[in-house]
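Here the protein sequences line up with chains A and B, keeping their order.
Using this note's numbering, you'd call the opening residue of the first sequence number 7 and step up by one each time.
Using this note's numbering, you'd call the opening residue of the second sequence number 7 and step up by one each time.
Please note: incorrect hints may appear among the correct ones.
As the list claims (entries may be wrong) - Chain B residues, not near chain A, derived (Cβ > 12 angstroms throughout):
#: 1; residue: S77
#: 2; residue: R126
#: 3; residue: Y228
#: 4; residue: D307
#: 5; residue: Q368
#: 6; residue: R401
#: 7; residue: A406
Said to hold, decoys possible - A partial selection of chain A residues facing chain B, derived with a Cβ cut-off under 10 angstroms:
#: 8; residue: I63
#: 9; residue: E92
#: 10; residue: R99
#: 11; residue: T102
#: 12; residue: E384
Because the hints were derived from the structure by calculation, they are not lab data.
Since we're looking at a predicted model, the values are computed, not measured.
Where a beta carbon is used, it is the ideal one built from N, C-alpha and C, also for glycine.
So you can see what is in the structure, the chains are spelled out below.
Number of protein chains: 2
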Amino acid sequence: MALIVQKFGGTSVGTVERINNVAARVAAARAQGHDMVIVLSAMSGETNRLIELAKTITREPNAREMDVLMSTGEQVTIALLSIALEARGCPARSYTGAQVHILTDSMFNKARIVDIDGARVRSDLAQGRVVVVAGFQGVDEQGNITTLGRGGSDTTAVALAAALKADECQIYTDVDGVYTTDPRVVPDARRLDRITFEEMLEMASLGAKVLQIRSVEFASKYNVPLRVLSSFEDHGTGTLIAAEDEDMEQAVISGIAFNRDEAKLTMLGVTDQPGVAGKILGPVADAGIEVDMIIQNVAEDSTTDFTCTVHRNDYLKASNIFRAIATELGAREVIGDDKIVKISLVGVGMRSHAGIASKMFQTLASEGINIRMISTSEIKISVVVDEKYLELGVRALHDAFGLANLPGK
Amino acid sequence: MALIVQKFGGTSVGTVERINNVAARVAAARAQGHDMVIVLSAMSGETNRLIELAKTITREPNAREMDVLMSTGEQVTIALLSIALEARGCPARSYTGAQVHILTDSMFNKARIVDIDGARVRSDLAQGRVVVVAGFQGVDEQGNITTLGRGGSDTTAVALAAALKADECQIYTDVDGVYTTDPRVVPDARRLDRITFEEMLEMASLGAKVLQIRSVEFASKYNVPLRVLSSFEDHGTGTLIAAEDEDMEQAVISGIAFNRDEAKLTMLGVTDQPGVAGKILGPVADAGIEVDMIIQNVAEDSTTDFTCTVHRNDYLKASNIFRAIATELGAREVIGDDKIVKISLVGVGMRSHAGIASKMFQTLASEGINIRMISTSEIKISVVVDEKYLELGVRALHDAFGLANLPGK
Chain A
7 MALIVQKFGG
17 TSVGTVERIN
27 NVAARVAAAR
37 AQGHDMVIVL
47 SAMSGETNRL
57 IELAKTITRE
67 PNAREMDVLM
77 STGEQVTIAL
87 LSIALEARGC
97 PARSYTGAQV
107 HILTDSMFNK
117 ARIVDIDGAR
127 VRSDLAQGRV
137 VVVAGFQGVD
147 EQGNITTLGR
157 GGSDTTAVAL
167 AAALKADECQ
177 IYTDVDGVYT
187 TDPRVVPDAR
197 RLDRITFEEM
207 LEMASLGAKV
217 LQIRSVEFAS
227 KYNVPLRVLS
237 SFEDHGTGTL
247 IAAEDEDMEQ
257 AVISGIAFNR
267 DEAKLTMLGV
277 TDQPGVAGKI
287 LGPVADAGIE
297 VDMIIQNVAE
307 DSTTDFTCTV
317 HRNDYLKASN
327 IFRAIATELG
337 AREVIGDDKI
347 VKISLVGVGM
357 RSHAGIASKM
367 FQTLASEGIN
377 IRMISTSEIK
387 ISVVVDEKYL
397 ELGVRALHDA
407 FGLANLPGK
Chain B
7 MALIVQKFGG
17 TSVGTVERIN
27 NVAARVAAAR
37 AQGHDMVIVL
47 SAMSGETNRL
57 IELAKTITRE
67 PNAREMDVLM
77 STGEQVTIAL
87 LSIALEARGC
97 PARSYTGAQV
107 HILTDSMFNK
117 ARIVDIDGAR
127 VRSDLAQGRV
137 VVVAGFQGVD
147 EQGNITTLGR
157 GGSDTTAVAL
167 AAALKADECQ
177 IYTDVDGVYT
187 TDPRVVPDAR
197 RLDRITFEEM
207 LEMASLGAKV
217 LQIRSVEFAS
227 KYNVPLRVLS
237 SFEDHGTGTL
247 IAAEDEDMEQ
257 AVISGIAFNR
267 DEAKLTMLGV
277 TDQPGVAGKI
287 LGPVADAGIE
297 VDMIIQNVAE
307 DSTTDFTCTV
317 HRNDYLKASN
327 IFRAIATELG
337 AREVIGDDKI
347 VKISLVGVGM
357 RSHAGIASKM
367 FQTLASEGIN
377 IRMISTSEIK
387 ISVVVDEKYL
397 ELGVRALHDA
407 FGLANLPGK
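Chain A with its partners taken away, still in its complex shape (with noise of 0.2 angstroms):
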């Protein structure tokens, strides 16, 4: 008998069929005796109608009276949940982010998770209720509705499993948990059984997008177990993502993440002196540019060579800012190019292994595959290679470290 939040997306709860297969579910759970929290998204496709007619009356729609638009997605859905389970005789209660007092902060739109009083949800639950509530949601301190932004659902679940101190915040999705690689690249990735909150954020970061990674970072603050599993599986125990297990001996790679959509531009024979990375990348920020990587060489004759990694679909805006930049700073030349990626090996075994790095990057050059940037972290090693070496390098590295033979870890 545990405290399970359970959380499901968008094409979980996507038709009315589905949202039976959900009551299903979670009534089998509550009779075997769970308390039973539940978080939903908006039917899929229902926050897309909702942003249409807004966007038909202005292309720029106030913030605030958006957030009072779309809270409605996920009232619906909990309605029509806590129905299908009244109806299967399994008492439920929904409630919008207002009524259970997720309370944000007044950023409509994208708000962020203040605090939870978990007091009327804890009484449901000792009544013998399943508690459903709107996710995605929350209200300011003045009463205002929010909104915590796309994906806000994953992290409104976590943000309630911490305050009902939950046992476990399980993520239903359209997979059925986090896999050493994309299985689409390298057919024979493994799903992991386990996976430790901080490789969770890399692999997330890195492009893969099981969870969102506010929820992970959530739920490693205030160690909340998560769980990601399949909503159209049955069977099946996804992976966990927890605080890293002392008593387990770790894998030493857990995973290789890659990002397809990269650019990198380089200011050569920049003036090496104080505040001149701050120089190029402040209008860079101030564009509304993020920037990924980022490496300076060492000087040589008073001059170094600024490099760092941008999304594509900023590569031409983040060029003309260097130019001009450059221009400024007396730069010798700016050159760039979009037709890159990177790969990443993801591990918190790599701590206390030497060699990895090696080993990879070995493997690469044995596949013809030149490195054109390196950056490394405590548990990770990315390097940035050609577009058209994406699938080699990633199945190589695969191979090499033997992910697909893991016996689950």
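With chain A held as given, fit chain B onto it using these hints.
For chain B alone, kept in the frame of chain A given last:
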């Protein structure tokens, strides 16, 4: 500079284009310096779409959850109208029923308003904002979302107007006011400039479906001047429904109402003893059948005849109940007719004028129309006649009482 509450129904906000039209109208009134509070229904069709979703899951959806579901309809329209107002540079804030503390009892699906806290609305008005409130919904003392039942948006508007001591509550509909009778029956029926609450109550309950009767009762109780206007015409002053004005000379008759879907049932030869009427009507009421006219003739030979009218849809069910009771009470016979209609003259002037009834009866007689039943109240006279005489009767009375020629009252 007045404080005006305006209510727009489902067809008035049925499309984004119409919502834009409403925004233009509201912004224009605001620009004239009026404080504006707007109450909206769901977009036409939306309420039925939501009901359909729930009914696909179960025939008898949980009442509490139905209110969570249904209340999203108005929440969408208040957000869209506020977006449209803001896009025109007219500051606006939308609020759900819960947000402006429209406190109701806990009768889900048909809750009644207990109290409204106007503080939040007043504060926004003081800051120059248009306040847009979701009609039809409220919140109970436990914080559960409730709905007022169909047509409840009119009641929300009147209740808000009462709480805010508004100068006028304007109900925008698809007709441009209250008429002396249905213009489809009498082409020269005339729009009334003014009508009293009492007259409107008699007109509404008799089939003039312009306003929800509960909202008129509410307006009368709190003396809120109500105005019925067309959403689709820019000019026109509609019909003002207000308390009787002592200074004005009242026309004798304000209008002619009628109900097509009537049926009557008579129990012949019932022993005339105390409690008989209750014994007959108790089981009818228990079956959820509403009874309209009730007539009991003077006793003759210690027996009497008891007649009542019901809605035609209830005729068969009521007949069966009548026959069962007749056997029980030893009554002679039950007879009935479901091809009847009711025609009523309504007017506060009737109080001080003799001869209205006789003029009505003579007018009908001169057209060869036989009167089956008669019932009177202080400000109305109703007769039941054969269905086929409805149009003839209404036209004859409209002419006889000179309604088309009224200079507007």
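- Query: Can the hint on I63(A) be confirmed by a CB-to-CB distance to chain B that is less than 10 angstroms?
  - Reply: holds (5 angstroms)
- Task: Measuring Cβ to Cβ, find out whether D307(B) lies farther than 12 angstroms from everything in chain A.
- Result: The claim stands: D307(B) keeps its Cβ more than 12 angstroms from every Cβ of chain A (closest is about 57 angstroms).
- Query: Taking the closest pair, is the beta carbon of S77(B) still more than 12 angstroms from chain A?
  - Reply: violated (8 angstroms)
- Item | Claimed clearance of chain A by A406(B), with the beta carbon kept past 12 angstroms | Per Cβ check, A406(B) is outside 12 angstroms of chain A; nearest 52 angstroms; holds.
- Message: If we take the beta carbon of R401(B), is the closest beta carbon in chain A still more than 12 angstroms away?
- Response: Given a closest Cβ separation of 46 angstroms, the condition holds.
- Message: Verify this label for me: R126(B) is non-interface relative to chain A, using a Cβ-Cβ cutoff of 12 angstroms.
- Response: At about 8 angstroms from chain A, R126(B) fails to clear the 12 angstroms cut-off, so the statement is violated.
- Message: Min Cβ distance, T102(A) to chain B: is it shorter than 10 angstroms?
- Response: holds (8 angstroms)
- Message: Quick check on E92(A) please, does its C-beta sit within 10 angstroms of some C-beta on chain B?
- Response: holds (4 angstroms)
- Task: Could you check if E384(A) really has its C-beta closer than 10 angstroms to a C-beta on chain B?
- Result: This hint is violated: E384(A) lies away from chain B, its Cβ roughly 46 angstroms from the closest one there, beyond 10 angstroms.
- Regarding the assertion that Q368(B) does not contact chain A, is the least Cβ-Cβ distance greater than 12 angstroms? Correct as stated: the minimum Cβ-Cβ distance to chain A is 58 angstroms, above 12 angstroms.
- Examine each Cβ of chain A, and state whether all of them lie more than 12 angstroms from the Cβ of Y228(B). Non-interface label stands for Y228(B): nearest chain A Cβ at 26 angstroms, farther than 12 angstroms.
- Item | Supplied contact hint for R99(A), tested at 10 angstroms Cβ to chain B | holds (7 angstroms)
The structure does not agree with the numbered hints 1, 2 and 12 stated previously, though it agrees with the rest.
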